[in-house]
Amino acid sequence: MFSFFNSKQTDTNEKVYTAKSIETLVLKESEIKSDKLKNLSFEPRLILGFVSPELHFESITTKLKEALPKESTLILSTTAGELCNFDKSIPTKTLYSQSDAGSGDNIVLMLFSKEMIENVHVATIPLRSEDLASSSLSLKERIKRIENEVQKINVPFKINHEDTLGYTLIDGLSASESFFMEAVYNVGHFPCLLVGGSAGGKLDFQNTYIYNNQKVLRHCAIITFIKLKQNFHFGIFKSQNFQKTATKFSVLSADPIKRTVFAFLDKNTNQQINSVDALCKHFNCDINSLEKELSNYSFGIEIDNDIYVRSVAGIDKTNKAIQFYCDIESGEELLLLQRNNFVQTTTSNYQSFTKNKPKAIGAIFNDCILRRLLNNSELNKLTIFNDIPVAGFSTFGELLGININQTLTAIFFYQTSSKESFHDDYVNSFVQKYAEFKSYFFIRKINRQMMISGIHKSMLIQMKQSLPVITSIGASLSDAVSSINKIQDKLNHFKSQFDTFASNIEKSNESNANLATEAQNLSSYVHDIRSVLGIISDIADQTNL
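Its first residue numbered 1, the sequence shown is counted upward by one per residue in the numbering used here.
By construction, these hints were calculated from the structure, which means they are not laboratory data. The beta carbon of each residue, even a glycine, is placed where N, CA and C say it ideally should be. Fair warning: there could be bad hints in the mix.
Claimed, not checked - Pairs of lysine-lysine, DSS-like flavour, derived with a Cα cap of 27 Å: (1) K381 / K202; (2) K238 / K438; (3) K227 / K152; (4) K202 / K292; (5) K202 / K258; (6) K357 / K227; (7) K215 / K63; (8) K229 / K419; (9) K20 / K63.
To be verified - Cβ pair distances, simulated, as ranges: (10) L460 / P191: 43 to 49 Å; (11) K381 / P69: 37 to 43 Å; (12) I384 / A246: 27 to 33 Å; (13) A67 / N356: 36 to 42 Å; (14) P69 / A133: 38 to 44 Å; (15) P191 / S30: 42 to 48 Å; (16) L460 / I273: 19 to 25 Å; (17) T245 / D425: 23 to 29 Å; (18) K20 / E130: 42 to 48 Å; (19) E378 / K36: 29 to 35 Å.
Turn these sequences into a full structure, and let the hints guide you.
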């Protein structure tokens, strides 16, 4: 019936899930007004939906809103692909849509009954990200603007982290997920887990849209506060198919707004090293081969022994910088992660998650588009969720307390009797998790200052170690100055003698000039005498004297 999720035939022995409080549907646009939406198992209180990017999103929101009960709350997001494994009670062919990533014409809905939902409140927070590429606003100023918007939100019922969660959808092209989360923690008004993802879209990365039960939005975040009734519970499942390596990189220079890392710190030498050069050195490759070398790796941060992935978006070869899908700040320590088996890791993680839990009645999946793209050949082998109604989407980023990449963040729902206890690690350790997420933003600022202090300390140590040499050089310079002074004195003495000699020569020249004048005068006198003697001689000759 559906080109996206073709229903598989089941034999008489196969158990088919019958929804009671949760139901999932797969629709085409033409089916919105059909009996499929009218003949529901229950009257829904809340509907979460995921819409293929090829469809006209605003038209879909209008048609769905008209077709659903007026009392229900409808929340929608565009996707980079949809996830669903039950169309009502009929299993679908695969969990992941068969359309290519970023395409398709399908609508996936998860409906929650009034018997399950105590209350719902939708909060819309403008991210003010329209000018992100062109504005000169600082990171601190951007976070402050979002804080001002968060301050305006007033949830009309008591938030208890055990029965209330904040399902969060964000404009997938806003590049503001971390700014938003830091602002939320700075304000501190929402004492519950915030889980969700960034709206997906076509892989040209031009548009993503979300819908808050009233209008289509961009450059916004939507938090749907969902309060469950007694005996209904939720658990948080997180899985990424990566494992830590022994390699770490300390970020020295980064631009969190542009999500770019420029330089790492070599802790052995306390010298700056270009981020691309550092990776090329680690993988023993040139810059043209680096992206290929990174294909089986990613990066991550560690919070209380838990890994949160930070994926590489690309290598800027011109400026020799690394671009990420998540903001990175100076002072952060990036762990190099190696990819492992997608199906085995997800299955193993889920088996550990389900221990001491009843069977789930449904789940919302927020699954990174990179998981779909990089594990495409393995998707159909992931069968561990086949007996649970799942609805979700391939995201442009995930949220679980903080922004993440290449991760499945899922919300599983449960129903128990009044006598049954329920335990989930994330929910029961919420206070600790909340403190860790909140402190993450402070710790990376502290780490940045510690890194700067460490560099200064290293410089001081080097100066201290160089002090004996400097002292020796100083003494030598002092001796040299003394010798130079003596030479200067001698030069001054020689100059004085030379000046005297020059003066004497000048006086001698004057005397010589006087002698020459006198000699000239004497010569004139002699000439006159000769003239007189000549006259006398003539007279003598004439007079016989």
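Verification of the hints:
For the hint linking K381 to K202, the alpha-carbon distance of about 25 Å falls within 27 Å, and the restraint holds. Annotation: proposed proximity of K238 to K438 holds, straight-line Cα distance about 19 Å (limit 27 Å). Simply put, K227 and K152 have alpha-carbon atoms about 20 Å apart, close enough for the 27 Å limit, and the pair holds. Taken as a hint, the K202 and K292 pair is honoured in the structure, with Cα atoms around 24 Å apart against an allowance of 27 Å.
Taking the CA atoms of K202 and K258, the gap is about 21 Å. The hint holds against a cut of 27 Å. With a C-alpha separation of about 20 Å, the suggested pair K357 and K227 falls inside the 27 Å cut-off, and the hint holds. This hinted pair checks out: K215 and K63 have alpha carbons roughly 13 Å apart, not beyond 27 Å. The hinted pair formed by K229 and K419 meets the criterion: a straight-line CA distance of about 15 Å does not exceed 27 Å.
A distance of roughly 25 Å separates the Cα atoms of K20 and K63; the hinted pair therefore holds under the 27 Å criterion. The hinted window of 43 to 49 Å between L460 and P191 holds, with their beta carbons roughly 44 Å apart. For K381 and P69, the hinted distance range of 37 to 43 Å is satisfied, since their beta carbons lie about 39 Å from each other. A C-beta distance of roughly 30 Å is found between I384 and A246, which places it inside the suggested range of 27 to 33 Å.
Remark: the range hint 36 to 42 Å for A67 to N356 is upheld by a beta-carbon distance near 40 Å. For the hinted restraint 38 to 44 Å between P69 and A133, the CB-CB distance of approximately 41 Å keeps it satisfied. Under the hint 42 to 48 Å, the C-beta atoms of P191 and S30, about 44 Å apart, fit the expected range. Look at L460 against I273: about 22 Å separates their beta carbons, and that is inside 19 to 25 Å.
Against the hinted window of 23 to 29 Å, the Cβ-Cβ separation of T245 and D425 comes to about 25 Å, which satisfies the hint. The given range of 42 to 48 Å is respected by K20 and E130, whose C-beta atoms sit roughly 44 Å from each other. Checking the proposed 29 to 35 Å range against E378 and K36 shows it holds: the Cβ atoms sit about 31 Å from each other.
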